[in-house]
Amino acid sequence: MATEALGWWGVPLGIMAGMLRGSAPFLFVSLGECLTEKSGKVNLGLEGTLLTGAMSAYAVSYLSEKTVGSAIAPWLGVLVAGLAGMVLGFIHAWLSQQPKVNDVAVGIAMIIFGSGIAFFFGKPFIQPSAPQLPAFELGAWSNIPQIQSALKVSPLLMVGVLIAPLMAWFFKSTRWGLFIRAVGDSPDAALAMGISIKKVRMLCIIAGSFLAGIGGAYLSLYYPGSWTERISSGQGLMAVALVIFARWNPIQCLWASLLFGGAQSIGPALQAVGIEGGYYLFNASPYILTLLIMIITCSPKKTLTGAPGALGTLT
Amino acid sequence: MLTYSRWRRTLEAVSIPIAALIFSLFLFGLFCAAAGANPFAVYGAIYKAAFGSWFAFQNTLIRAAPLMLTSLCTALPARLGLVIIGNEGALVMGGIAAVAAGLSVADFAPPIVVQLAMAIAGIIAGGLWIGAVGALRHYRAVNETISSLLMNYIAIALLNHLVGGPMRDPSSLNKPSTFPIPDIDKLGTIPFTRVHYGLLYGIVVCIIAYYLIQRTTFGFAARTAGGNVKAARIAGLPVGKLTIAICFLAGSSAGLAGMVEVAAVHGRANESLNANYGYAGILVAFIARHNPIAASVVAILLGGILASGSILQRQLGLPDATVYVFQGLVFLVVLYSESLYGRFAIFKEPDVVTPPTSSAPLAG
Chain A
15 MATEALGWWG VPLGIMAGML RGSAPFLFVS LGECLTEKSG KVNLGLEGTL LTGAMSAYAV
75 SYLSEKTVGS AIAPWLGVLV AGLAGMVLGF IHAWLSQQPK VNDVAVGIAM IIFGSGIAFF
135 FGKPFIQPSA PQLPAFELGA WSNIPQIQSA LKVSPLLMVG VLIAPLMAWF FKSTRWGLFI
195 RAVGDSPDAA LAMGISIKKV RMLCIIAGSF LAGIGGAYLS LYYPGSWTER ISSGQGLMAV
255 ALVIFARWNP IQCLWASLLF GGAQSIGPAL QAVGIEGGYY LFNASPYILT LLIMIITCSP
315 KKTLTGAPGA LGTLT
Chain B
-8 MLTYSRWRRT LEAVSIPIAA LIFSLFLFGL FCAAAGANPF AVYGAIYKAA FGSWFAFQNT
52 LIRAAPLMLT SLCTALPARL GLVIIGNEGA LVMGGIAAVA AGLSVADFAP PIVVQLAMAI
112 AGIIAGGLWI GAVGALRHYR AVNETISSLL MNYIAIALLN HLVGGPMRDP SSLNKPSTFP
172 IPDIDKLGTI PFTRVHYGLL YGIVVCIIAY YLIQRTTFGF AARTAGGNVK AARIAGLPVG
232 KLTIAICFLA GSSAGLAGMV EVAAVHGRAN ESLNANYGYA GILVAFIARH NPIAASVVAI
292 LLGGILASGS ILQRQLGLPD ATVYVFQGLV FLVVLYSESL YGRFAIFKEP DVVTPPTSSA
352 PLAG
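Order-wise, the sequence lines are chains A and B.
Per this note's numbering, the very first residue in the first sequence carries number 15; after that it's consecutive.
Per this note's numbering, the very first residue in the second sequence carries number -8; after that it's consecutive.
Just to be clear, a hint being listed does not mean it is correct.
[As the list claims (entries may be wrong)] Here chain A is said to cover these stretches of chain B; the calculated rule only asks that three of the stretch's residues, wherever they fall, bring their Cβ under 8 Å from a Cβ of chain A: (1) 48 to 61; (2) 124 to 130; (3) 145 to 159; (4) 238 to 246; (5) 271 to 285; (6) 315 to 321.
[What the hints assert, rightly or not] With a straight-line Cα cutoff of 25 Å, these simulated SDA-like cross-link-like pairs (lysine to any residue) come out: (7) LYS221/B with LYS213/A; (8) LYS232/B with PRO314/A; (9) LYS221/B with PRO201/A; (10) LYS114/A with GLY308/B; (11) LYS137/A with ALA226/B; (12) LYS316/A with ALA132/B; (13) LYS137/A with GLY308/B; (14) LYS315/A with GLY227/B; (15) LYS166/B with ALA286/A; (16) LYS316/A with ALA123/B; (17) LYS315/A with PRO30/B; (18) LYS213/A with LYS316/A; (19) LYS339/B with LEU21/B; (20) LYS137/A with LEU21/B; (21) LYS137/A with SER330/B; (22) LYS114/A with SER330/B; (23) LYS315/A with ALA32/B; (24) LYS114/A with GLY227/B; (25) LYS315/A with LEU18/B; (26) LYS114/A with ALA123/B; (27) LYS315/A with GLY231/B; (28) LYS114/A with ALA47/B.
[Said to hold, decoys possible] Listing some non-contacts, in silico: residues in chain A with all C-beta distances to chain B over 10 Å: (29) PRO26; (30) VAL120; (31) GLY130; (32) GLN285; (33) THR304.
Everything labelled a hint here was simulated from the structure, so no lab data went into it.
Even glycine gets a Cβ: it sits at the ideal position worked out from N, Cα and C.
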């Protein structure tokens, strides 16, 4: 971005642009993780899901361009990314519900497996360019190019923004939402209600992985908008911390994602105005922010409000 | 270890992981076949690259050395019930500290002192790094898995920052690096081999760790706290101190791995330090079921698999990520095998027949 004309104003503008551009992966993964954790399981493997989603979306968008045209191809990619996520989600759900198997460890294995799959099949797609997702130009009223580019909003982000309140309503006011909360908070009570704990968790983990896969599609098909092995910088992992910060509330996941998207762009925004010294350190700011937030919000004395009761137990 | 009365359990603990490895090899073969490669050619290539010749085996051992050390970073805290995956970060911090210490004393000190300084610096830096994770866990109840993972990213950012700026050797153009350690101060090779002394460090540290966990009061206290925190607290064990101490030891092992990589392999710190030994170490720890002695054996196996990555790429045209797919499969199958313990009748001890005494009638 050429921010010379704006001078220092480029920094807040760059951070705001980063919020709109970079927060969608956080949002999708954290909503997926929120759904998963509400049912009482942790899925650390969403980082692998994100990478697999990014790769499959890019590959499908590239391969299907000739047959379905460059307008539909990326959306097909988004769909396939979600489906690929569901496959990984199924593996996680099945394995983490075996007796004596630790879901955190399965998550670590799924990170390695998912990124292995993504890199293995993604090798041929590093060079070619695939059709990208379109964007809404909300900045058309301005004649400053920086503002125009900052206010480009992907329709996928809008979908994510809609899913957040929808999911909150789902948890609060629907029968299925109640089932999920019951399974996550008190499996015994759920069992007494006649709910199959295994099925509910299986569905939640698979649906959550679907969302995470779409988050990956956003990475490769919108921003940064190409497939490389370094495309995800740990968003899938930070999302897990983000859900704790958001107190397992989908609406707060939205705000937290915007915050993280902004933090992610501090480094590039400062670099754009000529501050290069601590480039790598500023790039680490989302991780430092996550860590600080966890240090501040966690407490050894009581469990966090909103935490599903069965989380982290081997039930 | 192998007492007569418990041989079935020992057999179970040995045969289930081996069966899991064989089954994951089978799954990996299916995967390769699906991807269009002959699975037997892949097995052959891995075997040849890993253990096929003395030359290849030495390569394997060179890779096994850091794996033994990083695996302890997961294995030791696991005995306390913590899942720590900050191996990569601790390795990187150990490497940075080792270079800094080595460069600052290299001008006037003899090689043995330089190496000692580097080792101590690596141990302390790695130890503090993971010790902080333990302290956060104890004082703020911060989830240790996530915090240690985040600290990996922070450590790598710190490495990039330091080798790109404050510690950069101006002559390293394409790949920013620190100034090199003088050749005379680098870790030598074990006589008659190309394998550096880091392997010895790895084996010795694994043995010490085993002794510490299984044969000392400290280890017993840690295992008790890992089994049941409440019971440990009631028994008056200092759970907080144990947590931080174990985490420090865990991090210092990985830090030593960083020192070994710097002092024996790279000779300087740069982004090559971040070569996934940390993540592979997690896998080693889980396959070995967090037993340090078993970890040293598993590290050799996995080191061989890692060594075969480039051969797979050159000979069979498979992407280098094939090795990660394999690692992921092994990890998943090994985790599944956890649920198999105690399910096979053959591994169950037959009901103990008490020797007939006058007070215990055998009937009934």
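The hints, checked one at a time:
Residue count for the region 48 to 61 of chain B with a Cβ under 8 Å from a Cβ of chain A: 0. That is fewer than the three needed, and the coverage hint is violated. Beta-carbon proximity to chain A at under 8 Å applies to 3 residues in the region 124 to 130 of chain B; the threshold of 3 is reached and the given coverage holds. Evaluation of the coverage hint for the region 145 to 159 of chain B: fulfilled, as 7 residues show C-beta separations to chain A shorter than 8 Å, against a requirement of three. Judged by the Cβ-Cβ criterion of 8 Å, the region 238 to 246 of chain B is not covered by chain A as claimed, because only 0 of its residues qualify and three are needed.
A stretch counts as covered by a chain when three or more of its residues have a beta carbon under 8 Å from one of that chain; for the region 271 to 285 of chain B and chain A the count is 3, and the coverage holds. Under a criterion of three residues with beta carbons nearer than 8 Å to beta carbons of chain A, the stated coverage of the region 315 to 321 of chain B is upheld, 6 such residues being counted. For the proposed pair LYS221/B and LYS213/A, the alpha carbon gap of about 32 Å is over 25 Å, so the pair is violated. A C-alpha spacing of about 15 Å is found between LYS232/B and PRO314/A, which places the hinted pair at or below 25 Å, so the restraint holds.
Among the hinted pairs, LYS221/B with PRO201/A is consistent with the structure: their alpha-carbon atoms are about 23 Å apart, no more than 25 Å. Under the criterion of a C-alpha separation no larger than 25 Å, the hint pairing LYS114/A with GLY308/B is inconsistent with the structure, at around 39 Å. Restraint check for LYS137/A and ALA226/B: not satisfied, since their Cα atoms lie roughly 55 Å apart, outside the 25 Å limit. Restraint check for LYS316/A and ALA132/B: the C-alpha separation of about 9 Å stays at or below 25 Å, so the hint holds.
A threshold of 25 Å between alpha carbons decides the hint, and for LYS137/A with GLY308/B the separation of about 11 Å falls inside it, so the pair holds. Simply put, LYS315/A and GLY227/B have alpha-carbon atoms about 19 Å apart, close enough for the 25 Å limit, and the pair holds. Among the hinted pairs, LYS166/B with ALA286/A is consistent with the structure: their alpha-carbon atoms are about 23 Å apart, no more than 25 Å. Restraint check for LYS316/A and ALA123/B: satisfied, since their Cα atoms lie roughly 21 Å apart, inside the 25 Å limit.
Using a Cα cut-off of 25 Å, the hinted pair LYS315/A and PRO30/B is violated, with the two alpha carbons roughly 54 Å apart. Restraint check: the Cα-Cα separation between LYS213/A and LYS316/A comes to about 30 Å, which exceeds 25 Å; the hinted pair is violated. Annotation: proposed proximity of LYS339/B to LEU21/B is violated, straight-line Cα distance about 33 Å (limit 25 Å). Simply put, LYS137/A and LEU21/B have alpha-carbon atoms about 20 Å apart, close enough for the 25 Å limit, and the pair holds.
For the proposed pair LYS137/A and SER330/B, the alpha carbon gap of about 35 Å is over 25 Å, so the pair is violated. Between LYS114/A and SER330/B the CA atoms are separated by roughly 5 Å; this keeps the pair inside 25 Å, and the hint holds. Proximity of LYS315/A to ALA32/B is assessed by CA-CA distance (about 57 Å); at most 25 Å being required, the pair is judged violated. Taken as a hint, the LYS114/A and GLY227/B pair is broken in the structure, with Cα atoms around 28 Å apart against an allowance of 25 Å.
For the hint pairing LYS315/A with LEU18/B, the CA-to-CA distance comes to about 46 Å; that exceeds 25 Å, so the pair is violated. As the CA atoms of LYS114/A and ALA123/B are separated by approximately 29 Å, the hinted pair breaks the 25 Å bound. At roughly 14 Å between alpha-carbon atoms, LYS315/A and GLY231/B fall within 25 Å of each other, so this suggested pair holds. The suggested pairing of LYS114/A with ALA47/B is violated, with an alpha-carbon distance near 38 Å, which exceeds 25 Å.
Against the 10 Å criterion, PRO26/A stays outside the reach of chain B, whose nearest CB is about 23 Å from its own CB. Look at VAL120/A: its CB is around 6 Å from the nearest CB on chain B, not clear of 10 Å, so calling it non-interface is violated. Chain B draws GLY130/A into its interface by the beta-carbon criterion, the shortest separation being 3 Å against a cut-off of 10 Å. For GLN285/A, the condition that its CB be more than 10 Å from all CB atoms of chain B holds, with the nearest at approximately 13 Å.
Here THR304/A does not stay apart from chain B, with its beta-carbon only about 5 Å from theirs, under the 10 Å limit.
The structure is inconsistent with the numbered hints 1, 4, 7, 10, 11, 17, 18, 19, 21, 23, 24, 25, 26, 28, 30, 31, 33, although it conforms to all the rest.
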